[in-house]
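Asker: Chains as they are written, first to last, in our numbering: chain A, 1 to 135; chain B, 1 to 117; chain C, 1 to 176.
Keep in mind the hints are simulated off the structure, nothing from the lab. Where is the CB? At the ideal position from N, CA and C, for every residue including glycine. Careful, some of the hints might be misleading.
[Stated by the list, open to error] To list a few chain B residues with every Cβ distance to chain A over 10 Å, as calculated:
id, residue
1, 36
2, 39
3, 47
[Claimed, not checked] Label pairs and their calculated CB-CB ranges:
id, chain 1, residue 1, chain 2, residue 2, range
4, C, 92, A, 65, 43 to 51 Å
5, A, 27, B, 114, 31 to 39 Å
6, C, 24, B, 114, 30 to 38 Å
7, A, 5, C, 24, 28 to 36 Å
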Amino acid sequence: MHHHYVLRVVSKILIPPILLFALYVQFHGDFGPGGGFQAGVIFAAAFVLYALVFGLAAAREVVSDTVLRIVSALGVLLYAGVGIVNMLKGNNFLAYNNLAVDPVAGQHLGVLLVEAGVGMTVGAVVISLFVYFSS
Amino acid sequence: MDSLPGYNYWIVILLMMTGLYVVMSCRNLLKKIVGLNIFQASVFVFYISIAKVSGGTAPILKDGIDVYSNPLPHVLILTAIVVGVATTALGLALIVRIHGDYDTIEEDEIEAEEPEG
Amino acid sequence: MLGVTALAILRAPGLFTVVMLSSIYSLLSAVVFVTLDAVDVAFTEAVVGAGASTILMLAALALTNQRRAKPTPISPTGLIAAFLMGGGLIYATVDMPVLGDPSAPATLHVAPRYLNDSYDEVGLPNVVTSVLASYRGYDTFGEVTVIFTAGIGVLALLGRGRRDRKSRRKASSEST
Chain A
1 MHHHYVLRVV
11 SKILIPPILL
21 FALYVQFHGD
31 FGPGGGFQAG
41 VIFAAAFVLY
51 ALVFGLAAAR
61 EVVSDTVLRI
71 VSALGVLLYA
81 GVGIVNMLKG
91 NNFLAYNNLA
101 VDPVAGQHLG
111 VLLVEAGVGM
121 TVGAVVISLF
131 VYFSS
Chain B
1 MDSLPGYNYW
11 IVILLMMTGL
21 YVVMSCRNLL
31 KKIVGLNIFQ
41 ASVFVFYISI
51 AKVSGGTAPI
61 LKDGIDVYSN
71 PLPHVLILTA
81 IVVGVATTAL
91 GLALIVRIHG
101 DYDTIEEDEI
111 EAEEPEG
Chain C
1 MLGVTALAIL
11 RAPGLFTVVM
21 LSSIYSLLSA
31 VVFVTLDAVD
41 VAFTEAVVGA
51 GASTILMLAA
61 LALTNQRRAK
71 PTPISPTGLI
81 AAFLMGGGLI
91 YATVDMPVLG
101 DPSAPATLHV
111 APRYLNDSYD
121 EVGLPNVVTS
131 VLASYRGYDT
141 FGEVTVIFTA
151 GIGVLALLGR
161 GRRDRKSRRK
171 ASSEST
């Protein structure tokens with residue numbers, strides 16, 4: 001894609017805002033529409049755009065296979081870890097009331113961690129799906 | 001819209017039946033997966049149309065608004081959408097492997113090759 | 001419009017056309033969701049259906065090098081099954097509540113408790129997120145596991161060693 005200057009310049013301008021928008025959607029899921037799944041897929045879309053315009057090898061340098069596998073497993077582990085911490089503190093699995101000083105702050109912390117885990121796993125899995133399908 | 005009872009359900013049923021027919025009758029494997037997606041999306045429309053409350057808004061709490069739409073089906077459909085894309089991805093990977101082995105993705109050509117292979 | 005798109009997918013022979021039409025179908029259903037006050041669902045369906053699903057289908061098309069599908073004859077079993085099931089479902093919708101009914105059973109069971117107590121118990125304005133992550137957190141855990149399993153499954157199917165099976169088959173058929 002050397003000759004497609006317009007595509008390269010426009011995607012260079014667009015990819016950082018897409019990543020920022022993904023982070024915004026992830027953390028703003030408490031106040032408006034959004035949350036983990038949408039943020040993960042938008043994050044993956046930025047990487048897919050980079051791979052489409054600059055070639056798969058360049059995208060592979062940015063994000064290698066090992067990183068993808070570790071991040072996707074980490075997301076599930078984070079979710080399960082939040083549940084198990086709750087159990088260790090004496091509550092039921094995934095009942096966030098005991099995580100912090102008062103129940104509402106505990107719920108906030110629990111929801112934040114859980115959505116972060118979901119976003120990480122969904123983003124990593126969608127990027128790796130694209131990588132497997134195009135090689 | 002209020003004159004004919006249940007007419008919104010009929011549209012959804014029509015979409016569902018189109019999807020079902022695509023899955024059952026098309027010989028091409030990729031079209032089958034697309035038909036499955038049509039079926040799934042029409043089921044989502046069905047659930048969300050159950051959740052709507054007339055005069056309500058989106059279920060995001062705000063001062064001054066009393067009536068909200070039912071948030072529970074929204075949650076169920078969010079999960080269903082993500083599971084749907086997971087199924088589609090796996091199905092497409094299977095199609096790619098089948099093509100690798102048989103060099104075609106038409107169902108009748110694959111069945112014709114089966115006794116030999 | 002959704003019906004027109006679905007029928008077009010049924011009749012179109014070119015596979016690229018079919019994939020583009022399915023992307024349009026997802027986008028149109030996202031618009032329908034916004035009309036029905038489901039903003040989170042519309043967001044997710046637009047992102048996932050018109051984004052990820054379409055990209056994966058295009059990649060599969062590129063990998064299999066198919067351009068057109070063979071024209072399919074009208075299948076009688078498919079038509080009979082579709083009509084029977086459609087008739088049964090339409091018969092079942094006679095008793096269903098009218099669209100937007102505030103006293104429908106779906107709205108009266110658990111939803112008022114979620115809507116009323118969500119701010120006191122969880123403290124988030126977005127009720128869908130609080131139900132998804134807190135009240136029904138276990139279902140979301142299952143969903144994350146499902147998508148992780150899909151990733152592993154595609155790794156197993158399309159990872160390394162994919163070319164070997166075809167070349168192995170060719171080598172074995174050449175040697176016999």
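Asker: Hint by hint, say whether it matches the structure.
Answerer: Consistency of the hints with the structure:
| no. | hint | verdict |
| --- | --- | --- |
| 1 | 36 | 17 Å, holds |
| 2 | 39 | 21 Å, holds |
| 3 | 47 | 17 Å, holds |
| 4 | C:92 <-> A:65: 43 to 51 Å | 49 Å, holds |
| 5 | A:27 <-> B:114: 31 to 39 Å | 52 Å, violated |
| 6 | C:24 <-> B:114: 30 to 38 Å | 36 Å, holds |
| 7 | A:5 <-> C:24: 28 to 36 Å | 30 Å, holds |
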